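Go by the hints and put chain B onto chain A.
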Amino acid sequence: MAGTVAVAQARAGEPDTFRLLVEQHSRALFRLAYRMTGNEQDAEDVVQETLLRAHRHMGSFEERSSMATWLHRIATNCALDLLRQRQRHDKGRESEDPEGHPIVERLAGHEPAQDRLFFNVQVKKRNESAMARLTPTERTAFVLRHFEGRGLDEIAPALGLRVGAVKNTIFRAVAKLRRELEGLA
Amino acid sequence: MKVMEHLTEEQLIEHYYRDDEDRVTVEGHLTVCTSCQESYQSLAHMLEAVSDSPVPERGEGYGREVYARLLPKLEMQKPAPAGFDWRSWFRMPALATAGALASLLLVAFLAGRLLPRSNTPAPTANTAQIRERVLLVAVGDHLDRSQMVLLELSNAPDAGARNDLVDISSEQKWARDLVPDNRLYRQTATEVGETGMASVLEELERLLLDVANRPSKISESEFRALRKRIEDKGILFKVRVIGSEVREREERPPVSSADRGKL
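Protein sequences, first through last, are from chains A and B.
Read left to right, the first sequence gives residues 2 to 186 (the numbering used here).
Read left to right, the second sequence gives residues 52 to 314 (the numbering used here).
With the rest of the complex left out, here is chain A (with noise of 0.2 Å):
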C-alpha cells in the first residue's frame, strides 16, 4: 500500500515523495541485492540502479499490486543482470582454485576449527562460495523462493519463465549447494 502511494507521488513529480519511498524500500532492497550479488558494493549499484529506474518508469506501475512487490521485480532484474554480465566478464577465467577442488575439500584440507569463531566464518566462506557457484538464473530463482519466500507464480514473470521451469532452476541450485555443502555442521 505504503508503495502504491511512492510510485503515484513520483509519478506524479513530487520529489519529497520520492524520497519517502526511497527511505522505506531501500534496507529491504539492499537486503534482496546482497543476497543476488553476495557483494556489498555490487547491492549498493544494484539498489541505486533500482530506485533509479523505478523512478524512470513510473508510468509502468500498475497501482493493483504493491510497490514493494515492483521493487523487487525491478532490484532482482537488476541484480540478474550485473550477475550476467560478471558471468561474461568471468568466462574463461581459471577458477580460484588452481586444482578446481570442490570447495569442501580445500576447506576439508583447513585446519580443525579451534572454536565457533572460526567454524562461524568458515560456513559463511561455504555458503558463499556454494551461492557464487550457482548460475544467475538458479541464484536468482533460489534467493527468490528461499530468501524472499516469493511464490513459484511470482518467481515465473521474474525470470521470464514457466512455473515448471522455475522448479527445475530451484531443484539444480538447491542440488548444487547440496553437493557444496554436504556435512556442513
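Since the hints were made in silico from the structure, they are not lab data.
Just so it is clear, the structure is predicted and the values come from calculations on it, not from any experiment.
Each hint should be verified, as a subset may be incorrect.
[Claimed, not checked] Here are the in silico distance ranges between beta carbons for each label pair:
hint	chain 1	residue 1	chain 2	residue 2	range
1	A	Gln88	B	Asp218	43 to 51 Å
2	A	Gln88	B	Glu203	41 to 49 Å
3	B	Asp218	A	Ala29	54 to 62 Å
4	A	Asp82	B	Glu203	35 to 43 Å
5	A	Thr136	B	Lys268	26 to 34 Å
6	B	Glu108	A	Gly150	17 to 25 Å
7	A	Gly165	B	Arg196	41 to 49 Å
8	A	Ser67	B	Arg300	37 to 45 Å
9	B	Pro266	A	Glu41	33 to 41 Å
10	B	Ser221	A	Ala69	23 to 31 Å
[Said to hold, decoys possible] The following residues of chain B were derived to be distant from chain A, with all beta-carbon distances above 12 Å:
hint	residue
11	Thr76
12	Pro107
13	Ser270
14	Lys279
[What the hints assert, rightly or not] Taking beta-carbon pairs under 10 Å as the criterion, some of the chain B residues facing chain A (in silico):
hint	residue
15	Glu61
16	Tyr68
17	Arg115
18	Val117
19	Leu125
20	Ala189
21	Trp225
22	Glu271
23	Glu273
24	Phe274
Ideal Cβ positions, reconstructed from N, Cα and C, are used throughout, including at glycine.
Same frame as chain A, but now just chain B:
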C-alpha cells in the same frame, strides 16, 4: 495397499518449500520411512545453514543516505507523468516546490469533494484518483507512525524508585522525523477547511515538537508530566479516530470524478 517408493530429491525440496501438491502423502511417507526422513533432515539442515548467512547491516538512516546519493541523478532524470504534467502549472522556487507539490496532493484529496464537476477527460480523472489514494495512504501511515510514538511514550517503563533518568532518545528521533510531514498535512487540512483534522494535527504537532526538543534523557517527574499531557489531552484517542477514518476512506474503491463529491 501400494508401497510408496523412496522420495526423490525433488520431492523433498518441494516438501521443504511447501510446493508439493500431495503434501499429506509425502508427510505420511516421511513418518514411516527412516531413510527418507534422514534425507529430508539433511536437506533441511543444509538449507537452514544457508539461511544463516548474514547480510551486512544497514542502519535506520540508510534510506536517507541512498536518497542523498540518488538526488543528483534524479535531478537529471525527471519522470514523465502518464497524463497531464501538473508541475508545469506550479513552477516555483526550488525550495518551495517539494512542499508545495505535496500540499497540492493533499489538497487534491481533502478538497476533492469540494471541486465542481468538470468535463475533465479520463486521464486527468485517473491522476486525481491516484492522488487521492496517495494522500489517504500517506496520511494514514503518518497517523499510524504518530500513534506508535505516543504509545511508546505512554507505555514506556518509568525510572521507578531508583530515580534514574528516562531515556526517550528513540521516541525523540521518531518525533523529529514526523514533525515536517505533520506540519504539511496540518497546513493543507487548514487550507481546505478540514478543521477537525487540522485541529488534531495541530495538537499532535505541539506534542511532537515538545518531545523532539527535550533532552534525550529526562527526569522521572518530567517524564510523568509528558505522559500526563498525552493522557489529559486524549491525543492518542483523537489520532486513532482520525486515523481509522482515513483508513476507512482508503478501503473504499476508487470513485469516478463525477462521484467524488460523495466522499
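Hints violated by the structure (listed by number, smallest first):
Violated: hints 3, 5, 8, 12, 21, 22, 23 and 24.
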